[in-house]
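Visitor: Protein chains in written order, with this note's numbering: chain A, 1 to 295; chain B, 1 to 295.
Check each hint, because a few of them may be wrong.
Each pair of labels, with its calculated beta carbon distance range [claimed, not checked]:
1) A:T245 <-> B:E228: 49 to 55 Å
2) B:E78 <-> A:Q73: 51 to 57 Å
3) B:Q15 <-> A:K56: 54 to 60 Å
4) A:E81 <-> B:R206: 54 to 60 Å
Chain A is faced by these chain B residues, among others (derived, beta-carbon under 8 Å) [to be verified]:
5) N170
6) T192
7) C194
8) T247
Don't read these hints as lab results, they were simulated from the structure.
All of these numbers come straight from a predicted model, not from anything done at the bench.
Quick reminder that beta carbons are idealized off the backbone N, C-alpha and C, glycines included.
There are 2 protein chains.
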Amino acid sequence: MFLSNLIDGRVIAEQLHGETSQRIASLSQRGLQVGLAFVRVGEDPASQVYVGMKEKTAERLGVRSVTHVLPEQVSQSELLELIARLNADPLVHGILVQAPIPRHIDSAQIYSAVCPKKDVDGFHPINIGKVLLGDPSGFLPCTPAGVHELLIRSGVPVAGADVVVLGRGNIVGKPMAAILMQKSPHADATVTLCHSRSRHVAEHCRRADIIIAAMGVPLFVKAEMVREGSVVIDVGVNRIKDSSTKTGTRLVGDVDFVNIQPKALKITPNPGGVGPMTIAMLMRNTVTAAENFSK
Amino acid sequence: MFLSNLIDGRVIAEQLHGETSQRIASLSQRGLQVGLAFVRVGEDPASQVYVGMKEKTAERLGVRSVTHVLPEQVSQSELLELIARLNADPLVHGILVQAPIPRHIDSAQIYSAVCPKKDVDGFHPINIGKVLLGDPSGFLPCTPAGVHELLIRSGVPVAGADVVVLGRGNIVGKPMAAILMQKSPHADATVTLCHSRSRHVAEHCRRADIIIAAMGVPLFVKAEMVREGSVVIDVGVNRIKDSSTKTGTRLVGDVDFVNIQPKALKITPNPGGVGPMTIAMLMRNTVTAAENFSK
Numbered sequence: 001m002f003l004s005n006l007i008d009g010r011v012i013a014e015q016l017h018g019e020t021s022q023r024i025a026s027l028s029q030r031g032l033q034v035g036l037a038f039v040r041v042g043e044d045p046a047s048q049v050y051v052g053m054k055e056k057t058a059e060r061l062g063v064r065s066v067t068h069v070l071p072e073q074v075s076q077s078e079l080l081e082l083i084a085r086l087n088a089d090p091l092v093h094g095i096l097v098q099a100p101i102p103r104h105i106d107s108a109q110i111y112s113a114v115c116p117k118k119d120v121d122g123f124h125p126i127n128i129g130k131v132l133l134g135d136p137s138g139f140l141p142c143t144p145a146g147v148h149e150l151l152i153r154s155g156v157p158v159a160g161a162d163v164v165v166l167g168r169g170n171i172v173g174k175p176m177a178a179i180l181m182q183k184s185p186h187a188d189a190t191v192t193l194c195h196s197r198s199r200h201v202a203e204h205c206r207r208a209d210i211i212i213a214a215m216g217v218p219l220f221v222k223a224e225m226v227r228e229g230s231v232v233i234d235v236g237v238n239r240i241k242d243s244s245t246k247t248g249t250r251l252v253g254d255v256d257f258v259n260i261q262p263k264a265l266k267i268t269p270n271p272g273g274v275g276p277m278t279i280a281m282l283m284r285n286t287v288t289a290a291e292n293f294s295k
Numbered sequence: 001m002f003l004s005n006l007i008d009g010r011v012i013a014e015q016l017h018g019e020t021s022q023r024i025a026s027l028s029q030r031g032l033q034v035g036l037a038f039v040r041v042g043e044d045p046a047s048q049v050y051v052g053m054k055e056k057t058a059e060r061l062g063v064r065s066v067t068h069v070l071p072e073q074v075s076q077s078e079l080l081e082l083i084a085r086l087n088a089d090p091l092v093h094g095i096l097v098q099a100p101i102p103r104h105i106d107s108a109q110i111y112s113a114v115c116p117k118k119d120v121d122g123f124h125p126i127n128i129g130k131v132l133l134g135d136p137s138g139f140l141p142c143t144p145a146g147v148h149e150l151l152i153r154s155g156v157p158v159a160g161a162d163v164v165v166l167g168r169g170n171i172v173g174k175p176m177a178a179i180l181m182q183k184s185p186h187a188d189a190t191v192t193l194c195h196s197r198s199r200h201v202a203e204h205c206r207r208a209d210i211i212i213a214a215m216g217v218p219l220f221v222k223a224e225m226v227r228e229g230s231v232v233i234d235v236g237v238n239r240i241k242d243s244s245t246k247t248g249t250r251l252v253g254d255v256d257f258v259n260i261q262p263k264a265l266k267i268t269p270n271p272g273g274v275g276p277m278t279i280a281m282l283m284r285n286t287v288t289a290a291e292n293f294s295k
């Protein structure tokens, strides 16, 4: 029981990578090499790690990736110029601007500048709009799309389920809610979105069939907030102090995994749950962009 | 009590019209006449009525409107051509394609063809995306924006409230949920979106502070689904059979008003609740489009 209720994101991500690499190979046979451009601004250590992992996965799957590193002090217009160049480059099918972008840059303008057809991160307003409208012609944002795939491929019944999404960020919470509320046999959930101003978060969680935690609050979801037999997905990545480690910090999720695992029907470990899925969805979006380009 | 708990959409819409007509007058003093184009396809009687009401309101507020009526059999490309012409016309600041569009037309393509800056209906995916992202640079869809204004101007506390939205249409339900979940002193609600596949609709409604019914199911919300002291907003417009009337039909909402009014803290009549607000928000969006154009 204690092992069997784990939703293994690494295994499911590998399934997806297998499907994606077949599509990449098929394009390659037709003479098209899938191309992905990363844009990283400044020397944020987490950004370096994330882009590094994405580069490695791209290479492993046969995607040609190029990383553009810009200095922390880059101007809005310089960044926009680079994006315009990548938008026009026929060898680039997907563009990813790694968050966080420095504060002096208007990030909404940057995400809006990426050509929607190359917006494999799914951050462009037109792609976000298509998520809410249920229009399948756009790109889904990678993390919520990855959570959705995790649920589907773990056999969690989503249709008709009461889902509580914790957190209303533009990258996870809000698009997550939008994906699960759509009219579709794989969605059709009744979604409640809770956030920092919500009054009855614990009550909402206790009646949920599925809880998706993306608040960015360390160990926010406690055992007493979860009813026996629910499914718990932890999207959180929070760095907290821990004097027992070499660095003096460690990463924890939004979910008190240790105390919740015994009562959950299914639960994601963290790390090893949602994280690998984000990259898998990025690669899937990228090959879709290349396929659309080749049509 | 029986009269005082009514949310009078006509009165609130008139307040809004007053504000909008001042902005129109101010543009007019600077030599800009606000222009609005209506596109109506076929001879659907409801469309004729709706466009007629919008034309009259436009005239009353000093907006120059032109209505383009196309035959039921119009082709996709002819309709797209008209929209392209209106997009390019500097005298037209807002474009409204009246729903319903005949079934042989791909309505998503039509709504996407309207220039986002002239999309005063707020149906373009980029504007819908901005709603979900909380980006104020877009246009809000008129009916959910109108419901939001009704709540604010009736003094209903939305922040922190548990709101249940019934219905997940692209025109009302989904953007309604998106508007109310935003981080903002006027929003900040905890929103649950219920639909035809939801399992515990009555339970969700009974715990709600605010119920917004936009299912399109006649008298769906019954008194036993509403707790004493909640706020009930009826967006529904359903034509049902009634042999006692001259036409053999009559219009009813999604809410059993007669039995719910005595227990509601506040409730919209129907007609006279949400309907007038939709037109008020259309006019407000149109003057905003003209102001943006003049900048």
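Visitor: In this structure, is the beta-carbon distance linking E81 of chain A and R206 of chain B contained in 54 to 60 Å?
Guide: 56 Å, holds
Visitor: Using the Cβ atoms, figure out if T245 of chain A sits within 49 to 55 Å of E228 of chain B.
Guide: 54 Å, holds
Visitor: Once the shortest beta carbon distance from T247 of chain B to chain A is found, is it less than 8 Å?
Guide: Interface hint status for T247 of chain B: violated (32 Å vs cutoff 8 Å).
Visitor: Does C194 of chain B meet its interface restraint, that is, does its C-beta lie within less than 8 Å of any C-beta in chain A?
Guide: Holds: closest Cβ of chain A sits about 6 Å from C194 of chain B, inside 8 Å.
Visitor: Holds or violated: the 51 to 57 Å window for the beta-carbon distance between E78 of chain B and Q73 of chain A?
Guide: 52 Å, holds
Visitor: Does the nearest C-beta of chain A fall within a distance shorter than 8 Å of the C-beta of N170 of chain B?
Guide: 5 Å, holds
Visitor: Hint T192 of chain B vs chain A: min CB-CB distance below 8 Å?
Guide: Status holds, d = 4 Å.
Visitor: Assuming the hint says 54 to 60 Å, is it satisfied by the Cβ distance from Q15 of chain B to K56 of chain A or not?
Guide: Check passed, 59 Å falls within 54 to 60 Å.
Going down the numbered hints, you'll see the structure goes against just number 8.
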